[in-house]
Amino acid sequence: MQGLGEVQCPSCFEYFAVSIPPVDECPANLDYDCEVCCRPMVIVVDAQGLVQARGMDESFPG
Numbered sequence: 008m009q010g011l012g013e014v015q016c017p018s019c020f021e022y023f024a025v026s027i028p029p030v031d032e033c034p035a036n037l038d039y040d041c042e043v044c045c046r047p048m049v050i051v052v053d054a055q056g057l058v059q060a061r062g063m064d065e066s067f068p069g
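When the letters of the sequence shown are read in order and numbered with my numbering, they come out as residues 8 to 69.
Label pairs and their in silico Cβ distance ranges:
| hint | residue 1 | residue 2 | range |
| --- | --- | --- | --- |
| 1 | D31 | D64 | 26 to 34 Å |
| 2 | V49 | P29 | 17 to 25 Å |
| 3 | S26 | M63 | 14 to 22 Å |
| 4 | Q15 | A35 | 12 to 20 Å |
| 5 | D53 | Y22 | 17 to 25 Å |
| 6 | G62 | A24 | 18 to 26 Å |
| 7 | D31 | Q59 | 14 to 22 Å |
| 8 | E13 | P34 | 16 to 24 Å |
Think of the hints as simulated: they come from the structure by calculation, not from any bench. In this text the structure is predicted, and so the values were computed from the model without any measurement. No residue lacks a Cβ here, since even glycine has one placed at the ideal position from N, Cα and C.
Based on the sequences and whatever the hints tell you, model everything.
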């Protein structure tokens with residue numbers, strides 16, 4: 008089942024909801040533009056369905 012996840016924009020720090028893929032399709036990286044400031048980001052959904060937003064210029068651990 009696809010659901011909603013809440014993320015915080017790494018640029019403007021506002022929170023908003025995004026559609027996330029079903030857990031069986033995770034982990035997933037989604038290119039997304041902030042719904043408030045329109046800055047690009049990557050939304051990372053891990054294997055458990057936890058959601059995190061990163062700026063396009065931020066590096067990912069590991």
